[in-house]
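Here is what each chain is made of, one letter per residue.
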Amino acid sequence: MSGHFLENALVYLGAAVLCVPFAKKLGLGSVLGFLLAGMLIGPYALGFIGEEGDDILHIAEFGVVIMLFLIGLELEPKAFWRMRKQVLGLGGWQLAATTLLFWPLGMLVLHLHWTAALALALALGMSSTALVLQNMKEQGRMNTEAGKSAFAVLLFQDIAVIPILALLPLLASNPAVATGNESGWLAGLNAWGQAALVLASIVGVVLVGRLVVGKVLQWVAATRIRELFVATALLLVVGVAVLMQAVGLSAALGAFLAGVVLANSEYRHELESDLDPFKGLLLGLFFMAVGASINFDLLQQAWLQVLLLVMGVMFLKGLVLGGIGRFYRFGTDQNLVFSFGLMQVGEFAFVLLAFIGQLGLLGDESLQLFTAVTALTMTLTPLFGLLNERLLLPRMGTREAVVEPDVPEEQHEVIIAGFGHYGSTVGRLLRANGVQSTILDYDADQVELLRKMGFKVYYGDVTRPDLLELAGAEKAKILISAIPHLETNVLLAEQINKHFPHLRFYARSRNRFDAYELMELGVQHLYRETLDTSVRMGVEVLQALGHRAHSAHRSGQDFLRYDQAAMSQLALKKRDMKAYISSVRAAIAWQEEMLLADKEHNLSAHDHSWDSEAIRRNVLGDTPTS
Amino acid sequence: MKKILVLLAHPKYEKSRANQVLIEAVSDLPGLTIRDLYELYPDFNIDVAAEQAALQTHDLVVWQHPIYWYSCPPLLKQWIDLVLEVGWAYGKGGEQLRGKSIFNAVTSGGSREVYQVDGRNRFTLRQFLAPFDQTAWLCHMRYLPPFAIQGTHRLDDTTLRAQAEAYRLRLQALQTAPEVALDEVQKLEYLNDWDL
Numbered sequence: 051m052s053g054h055f056l057e058n059a060l061v062y063l064g065a066a067v068l069c070v071p072f073a074k075k076l077g078l079g080s081v082l083g084f085l086l087a088g089m090l091i092g093p094y095a096l097g098f099i100g101e102e103g104d105d106i107l108h109i110a111e112f113g114v115v116i117m118l119f120l121i122g123l124e125l126e127p128k129a130f131w132r133m134r135k136q137v138l139g140l141g142g143w144q145l146a147a148t149t150l151l152f153w154p155l156g157m158l159v160l161h162l163h164w165t166a167a168l169a170l171a172l173a174l175g176m177s178s179t180a181l182v183l184q185n186m187k188e189q190g191r192m193n194t195e196a197g198k199s200a201f202a203v204l205l206f207q208d209i210a211v212i213p214i215l216a217l218l219p220l221l222a223s224n225p226a227v228a229t230g231n232e233s234g235w236l237a238g239l240n241a242w243g244q245a246a247l248v249l250a251s252i253v254g255v256v257l258v259g260r261l262v263v264g265k266v267l268q269w270v271a272a273t274r275i276r277e278l279f280v281a282t283a284l285l286l287v288v289g290v291a292v293l294m295q296a297v298g299l300s301a302a303l304g305a306f307l308a309g310v311v312l313a314n315s316e317y318r319h320e321l322e323s324d325l326d327p328f329k330g331l332l333l334g335l336f337f338m339a340v341g342a343s344i345n346f347d348l349l350q351q352a353w354l355q356v357l358l359l360v361m362g363v364m365f366l367k368g369l370v371l372g373g374i375g376r377f378y379r380f381g382t383d384q385n386l387v388f389s390f391g392l393m394q395v396g397e398f399a400f401v402l403l404a405f406i407g408q409l410g411l412l413g414d415e416s417l418q419l420f421t422a423v424t425a426l427t428m429t430l431t432p433l434f435g436l437l438n439e440r441l442l443l444p445r446m447g448t449r450e451a452v453v454e455p456d457v458p459e460e461q462h463e464v465i466i467a468g469f470g471h472y473g474s475t476v477g478r479l480l481r482a483n484g485v486q487s488t489i490l491d492y493d494a495d496q497v498e499l500l501r502k503m504g505f506k507v508y509y510g511d512v513t514r515p516d517l518l519e520l521a522g523a524e525k526a527k528i529l530i531s532a533i534p535h536l537e538t539n540v541l542l543a544e545q546i547n548k549h550f551p552h553l554r555f556y557a558r559s560r561n562r563f564d565a566y567e568l569m570e571l572g573v574q575h576l577y578r579e580t581l582d583t584s585v586r587m588g589v590e591v592l593q594a595l596g597h598r599a600h601s602a603h604r605s606g607q608d609f610l611r612y613d614q615a616a617m618s619q620l621a622l623k624k625r626d627m628k629a630y631i632s633s634v635r636a637a638i639a640w641q642e643e644m645l646l647a648d649k650e651h652n653l654s655a656h657d658h659s660w661d662s663e664a665i666r667r668n669v670l671g672d673t674p675t676s
Numbered sequence: 441m442k443k444i445l446v447l448l449a450h451p452k453y454e455k456s457r458a459n460q461v462l463i464e465a466v467s468d469l470p471g472l473t474i475r476d477l478y479e480l481y482p483d484f485n486i487d488v489a490a491e492q493a494a495l496q497t498h499d500l501v502v503w504q505h506p507i508y509w510y511s512c513p514p515l516l517k518q519w520i521d522l523v524l525e526v527g528w529a530y531g532k533g534g535e536q537l538r539g540k541s542i543f544n545a546v547t548s549g550g551s552r553e554v555y556q557v558d559g560r561n562r563f564t565l566r567q568f569l570a571p572f573d574q575t576a577w578l579c580h581m582r583y584l585p586p587f588a589i590q591g592t593h594r595l596d597d598t599t600l601r602a603q604a605e606a607y608r609l610r611l612q613a614l615q616t617a618p619e620v621a622l623d624e625v626q627k628l629e630y631l632n633d634w635d636l
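If you're matching them up, the sequences are chains F and Z in order. Take 51 as the starting number for the first sequence in our numbering and just add one per residue. Take 441 as the starting number for the second sequence in our numbering and just add one per residue.
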């Protein structure tokens, strides 16, 4: 078996390593890359993994399980409470409207029984948390209105899965003949019994999680063995998953519940950071499984039906979302991003469909069909997103530039990329001194607002050379990047070096490591956002401890100068450490390096002349006096 | 030929007509370095080591500044406080500046007549500059009389330019003047009065 495992690992990893960078290069995002990789290695293309006709997603069930655990872990009750209006409003409307639309359609068009149609409608109403959040993060849209609203809708759906799973047995006309997991305890019960059992197991998991798991984790954490902590967390996930399977529910649901329970515990952040390195990989595994599970035989036989279903479902879901966006008065841009983002059917549909099949609500053929439809909608989402980005948004949304025909085109010397808290502070200071700047930003709402206020604003991806040129980079003198992300700044620095070498680049950097990275690209003006404020804080703490304000202030000034000098000194050493620069250990080694250097350098300010002690010593002949 | 270090201290140089004209007149002189203190140290955080190194590589130092309240702007005072360290410029072992010359090149709103014992300011410019004179003496430097452009508010451009030219000529002369000649110059009330 272990040989089999190694082979599988080889296939998955190999496909991912080949396809993801390729997809990224084409601007398609990592999700589509993983999906393509899955299709490639799946039973219908190269056939490396799985057998044709294999049950959906059994190929990589563990990926799904862990992913739902992670989604559960992110359902922080506080976040929910803070966003409750959006979650209930946007999410409630979305699920209700989509269900009410698909329900009658299922009865009329697909000739399903009303119970089956309702169950199917609920499943199709789900969107993909994993896919959408990943995409929004990669595009830096999490904090825009579209991102926040999408998050709210997804949060609602994720929570709604639990009552839906509990209520589904009530829809089953003849639950006693539930197919699926014959050995599950569910099999022998009637509808009400099943509903009660589902509810009871969910409540049970939540209760045990809250009362027992916290204690266990506390005990494990006290051993201070990090691996044991991770192992315990995984044990918990697998344990709940197995329990749920025994009950006759899906393992994925169990994992999701375990995540929700732990989201409320004090160990949430620790779990998240421990699992974080695997998260991307596990998500990748999940998306590959989705790709691999697309039944191409079925597609060939019923291609027209599948095509119509996929398009119909996505179109109608998008329509509902667009309507909601309209109702909540989103800007056109945000609404397009929101609607195009959430128009797919998500991973919870796999869970729900499997359960629906188990309950005998839908036949095997319909199930296969709709799981394929679900997988296809997920595959198409990044592509539609790209269409939206490239074709629709530039036409219908916020335009990249607003040209006022009457006003002669004025040329500003300064371009500011990113106009959030940081960029706006810089921009306001410049404006207060009569320096107008051209602004580039990626947030459509922000752009609209700034344009209304009379700023010259260009909208779009700041690393695109054509946008920079449009914004007047040819004639400007200085480009300010108020964007914290290293990747963006590296791209910007490269674009400047290549296309606008005359432009002086003033870059914000999150920390010393990012600054080193940019220094290597020849960026000279670097502003570490963690430096000045922390020095100022240190100075004020010295004052609070009774140090004279001026001396503390001078010491802070001296520290800044010293740190700046040490920065370039240590930049040379950094090359040796580059191999493991992003690891925690490197950061600690670095800290040590700096603390040692501090010891060598006398960190008190050179104010000898104000220090009468020094003069006394000189006058009295170098004998320290008391 | 002596190397000249002009230490310019003007907190609002961009608005100072007289100081700009003076700087423009001399900035291209060979062997002359200008250190614009308010540009270098807007936070008053003077780099003592860098300033001492600059002093060491020059023979003649000029403190160029406007007269504010009968003295120099605060950053120049800060410079004097911090850079002229005990054991370096004066005191035991403080010999680094020995043999160099120094003087003030100043601009003032009040005219030469106002700076008289019987004038409105009750003291002469030389008297007001006594602390600089003594500072130079303590640091083993030769203190030369001040070059002054006075009554700047009433000066027209032509006169100002003529004065700036005079400044340039005197700096050039100082670069090559033998020590004996400097003994004579030192006795003058103003460097402006030096007949070339």
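There may be inaccurate statements among the hints.
[Claimed, not checked] If we take Cβ atoms under 10 Å as the criterion, some of the chain Z residues that face chain F in the derived model are:
1. Leu522
2. Gly527
3. Gly534
4. Glu535
Everything labelled a hint here was simulated from the structure, so no lab data went into it. The beta-carbon is built from N, C-alpha and C at its ideal position, and this holds for glycine as well.
Hint by hint, here is what the structure shows:
A cut of 10 Å between beta carbons decides the hint on Z:Leu522: the least distance to chain F is about 5 Å, and the hint holds. Interface restraint check for Z:Gly527: the shortest CB-CB distance to chain F comes to about 5 Å, inside 10 Å, so the restraint holds. Here the hint on Z:Gly534 is kept, as its CB sits about 8 Å from the closest CB of chain F, short of 10 Å. At its closest, the beta carbon of Z:Glu535 sits 13 Å from a beta carbon of chain F; the interface hint therefore is violated under the 10 Å criterion.
Hint 4 from the earlier list is the only one contradicted by this structure; the remaining hints agree with it.
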